[in-house]
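Trainee: Residue numbers (numbering that gives the first Met the number 0), protein chains in the order written: chain A, 0 to 253; chain B, 0 to 235; chain C, 0 to 215.
It is worth saying that the hints were derived from the structure and are not from the lab.
Among the clues, some could well be false.
Below are the DSS-like pairs computed for lysine-lysine, each with C-alpha atoms no more than 30 Å apart in a straight line [stated by the list, open to error]: (1) A/K219 x A/K235; (2) B/K145 x A/K76; (3) A/K76 x A/K28; (4) A/K235 x A/K213; (5) B/K145 x A/K95; (6) A/K95 x A/K219; (7) B/K145 x A/K112; (8) A/K95 x A/K235; (9) A/K57 x A/K76; (10) A/K219 x B/K145; (11) A/K20 x A/K57; (12) A/K213 x A/K125.
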Amino acid sequence: MVAVLEVRDIWKAYDTLEVLKGISFDVQKGEVKVIFGPSGSGKSTLLRVINMLTPPDKGEVFLCGQSLMDSKADLCKLRTRIGFVFQNFNLFAHLKAIDNVSIGPRLVLGMTKEEANDAAHRALEKVHMSNWSHHYPAQLSGGQQQRVGIARSIAMNPEVILFDEPTSALDPELIGEVLQVMLDLAQEGTTMVVVTHEMGFARAVSSEMIFMDKGVVVEKGTPQHFFQDAQSERAKHFLRKLEVLYGQSETEKT
Amino acid sequence: MVGIGEYYPDLVSGFSMTMGLYLFALFLGLGLGIVLAISRHYGGPIVTRISTGFIEIMRGTPLLAQILLITILPYALSIPAEYTSWQIIVPDIYGIERVVLNTRILLCALALGLNSAAYQAEYFRGALSSLSAGQTLAAQSIGMTKRQEIRYIALPQSLRRAIPAWSNEAVYLPIYTSVAYIVGVPEFLSAATLVVARTYEALLVYFITAVIFLVLVSFITLLLNRIYERIRIPGV
Amino acid sequence: MTRGLPTALALTFLSLLIGFLVGIGLALMRVYGPIELRWISSGYEKIFRGIPLLVLLFIFAIGLLRLFLWTGSLFNALFTASIFALALRSAAYQSEIFRGAIMSVDPGQMMAARSLGMTDYQATRKIILPQALRLSVPGWTNEYAVVIKDTSLVSAIGVPELIYHGMAFSWTYPALFLGIITVTSIIYFLFTYPVTKYVGESMTSKLRSLGLGGGR
């Protein structure tokens with residue numbers, strides 16, 4: 000079975016700073032991969048390399064067997080099959096919520112206005128934002144904006160959705176609504192790659208967790224592996240730090 | 000005051016000419032300005048340099064010099080008189096025949112338009128630059144091409160952001176059209192000067208001219224404010 | 000061909016200077032004055048921005064010429080009248096520049112000064128205004144460029160600066176008119192572009208794009 004995403008040996012440096020040093024992993028259909036690690040470990044850069052928002056210096060990325068590096072490949076078309084949810088939402092400020100979600104299907108996928116609007120409505124319903132479809136981003140809270148951002152990705156019907164620290168820019172009481180949407184998506188079988196600190200989420204739905212530090216993959220494993228029996232010192236150290244930050248011991252939760 | 004009254008037709012016709020020059024230059028400047036701004040912001044090295052060069056030159060030299068230059072081009076290039084001596088004559092509301100268009104007027108309007116384009120381009124470019132990078136990333140992430148991104152995401156937002164600066168241009172451009180007087184275009188100031196020549200009431204006439212321009216400026220300001228109230232989007 | 004240059008430069012600097020003094024006065028009136036002064040300042044600015052420079056020149060150099068004849072010669076009278084027109088107009092723009100600069104000084108500065116026990120007057124004079132002056136620099140270089148280009152218009156009232164001499168020159172050599180205008184334009188360009196570019200490109204650029212420029 001061809002993996003949905005194959006990431007092969009990615010290297011990326013900014014000036015003299017090496018941010019990614021030989022990252023490789025696969026994502027199968029239906030998997031939820033959680034990537035975590037200290038800031039500066041290159042996690043966000045990695046996600047941007049996957050849909051080529053930032054091209055890598057070396058390495059390759061395959062979407063269902065098709066290489067994204069091939070300069071002949073229609074990058075725009077390939078991007079429609081990869082969803083991306085930004086830390087800062089990046090909703091189109093001049094469009095209402097419904098238009099934000101429908102512009103992709105209409106303009107890029109070539110649907111008719113009715114088809115695109117239907118797809119948009121369905122997506123907004125999934126994220127529980129139907130009642131806000133005619134609001135502008137400036138009129139929505141952070142959590143609401145992020146949910147619209149997720150709807151925007153869903154409406155394109157992608158093979159995989161990438162989440163770049165989706166809740167990091169949210170006030171604490173708004174994080175829950177976004178995580179709930181992500182949990183629903185995961186439980187439906189959506190293929191997801193999520194960069195996050197939300198260990199509760201990882202514990203609940205991730206198929207595999209990848210711990211990154213200073214540009215390399217330090218350890219991979221199932222949630223159980225990490226929370227009960229993490230091998231590397233760095234992973235253990237980081238998990239303990241998160242415990243302190245979030246005020247509860249992840250390893251102690253059943 | 001009564002003496003001036005005889006000259007209403009001239010003044011009205013001059014005023015219409017001023018408005019004609021103004022609107023032509025404003026919209027020519029708008030179209031060309033957007034093109035220049037996009038070239039300067041998104042273009043490759045050659046395109047950027049050409050548009051930047053044009054903008055800097057038009058802004059770094061006096062409007063008068065530009066108008067003089069462009070207006071005498073046909074003569075300098077020795078284009079035969081048959082092509083340059085055409086005129087369009089239309090009777091105004093008082094029945095007097097007026098020259099509405101000829102080579103000189105057209106070239107002058109063109110010069111004003113090019114000049115305005117350079118200034119407008121800077122306003123649009125600033126607006127484009129101020130757009131958060133995230134908008135572009137989001138557009139790319141759903142597979143939009145660069146052209147789609149410019150047309151549906153960057154431009155709508157930038158144009159709205161450029162409104163305060165652009166209003167400045169829209170409001171004060173009529174003032175600058177008065178320079179056309181120097182090359183003999185029959186606009187408002189030239190009509191006023193005609194009245195002065197006939198009535199010798201220089202101070203009064205020019206004072207009234209000033210007042211009329213002020214009223215025009217205020218009117219355009221109010222009009223624009225009305226329009227902006229209609230098209231406001233919260234948060235853009 | 001550069002014969003009119005000294006005149007143009009003299010006009011520029013004198014007008015800028017007078018405009019500066021009047022402009023700062025207006026700005027201070029607008030920011031710190033009682034409501035009557037604010038109205039006057041605001042009105043002044045609206046009026047002098049809303050009138051074509053040519054009309055202003057005509058008012059002074061033709062309508063009010065009598066008032067300037069005490070200066071001796073016709074040339075002096077026209078010259079002085081031009082300075083009046085240019086300066087009064089520049090003052091309107093300079094007051095905007097300076098006012099904007101004052102407003103953009105970090106409000107925290109005033110709070111800090113007050114918390115040290117300074118009076119408002121002391122704080123304004125020693126802390127706010129010096130900073131505002133520095134913030135105004137890019138606006139001023141822009142205004143300098145504007146005024147030097149504005150001086151080209153005084154040729155219309157017979158003051159012999161660059162363009163006037165250029166046109167006079169071309170009566171003798173009409174075929175060269177195009178070339179003469181081009182060279183004159185280059186001279187102007189050489190006086191405007193390097194200055195605006197040198198003094199903080201990014202700030203001038205930002206000001207321009209916000210539409211706070213001024214004349215042509």
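Trainee: Each of the hints needs a verdict: does it hold here or not?
Mentor: Each hint, compared with the structure:
For the hint pairing A/K219 with A/K235, the CA-to-CA distance comes to about 13 Å; that is within 30 Å, so the pair holds. For the hint linking B/K145 to A/K76, the alpha-carbon distance of about 13 Å falls within 30 Å, and the restraint holds. Taken as a hint, the A/K76 and A/K28 pair is honoured in the structure, with Cα atoms around 20 Å apart against an allowance of 30 Å. Under the criterion of a C-alpha separation no larger than 30 Å, the hint pairing A/K235 with A/K213 is consistent with the structure, at around 16 Å.
Among the hinted pairs, B/K145 with A/K95 is consistent with the structure: their alpha-carbon atoms are about 22 Å apart, no more than 30 Å. Taken as a hint, the A/K95 and A/K219 pair is broken in the structure, with Cα atoms around 41 Å apart against an allowance of 30 Å. For a cut-off of 30 Å, the pair hint linking B/K145 to A/K112 stands: about 22 Å separates their Cα positions. Between A/K95 and A/K235 the CA atoms are separated by roughly 44 Å; this puts the pair beyond 30 Å, and the hint is violated.
With a C-alpha separation of about 22 Å, the suggested pairing of A/K57 with A/K76 holds against the 30 Å cut-off. A C-alpha spacing of about 37 Å is found between A/K219 and B/K145, which places the hinted pair above 30 Å, so the restraint is violated. Straight-line distance between C-alpha atoms of A/K20 and A/K57 comes to about 9 Å, which keeps the hinted pair within the 30 Å bound. Between A/K213 and A/K125 the CA atoms are separated by roughly 37 Å; this puts the pair beyond 30 Å, and the hint is violated.
Of the numbered hints listed earlier, those contradicted by the structure are 6, 8, 10, 12.
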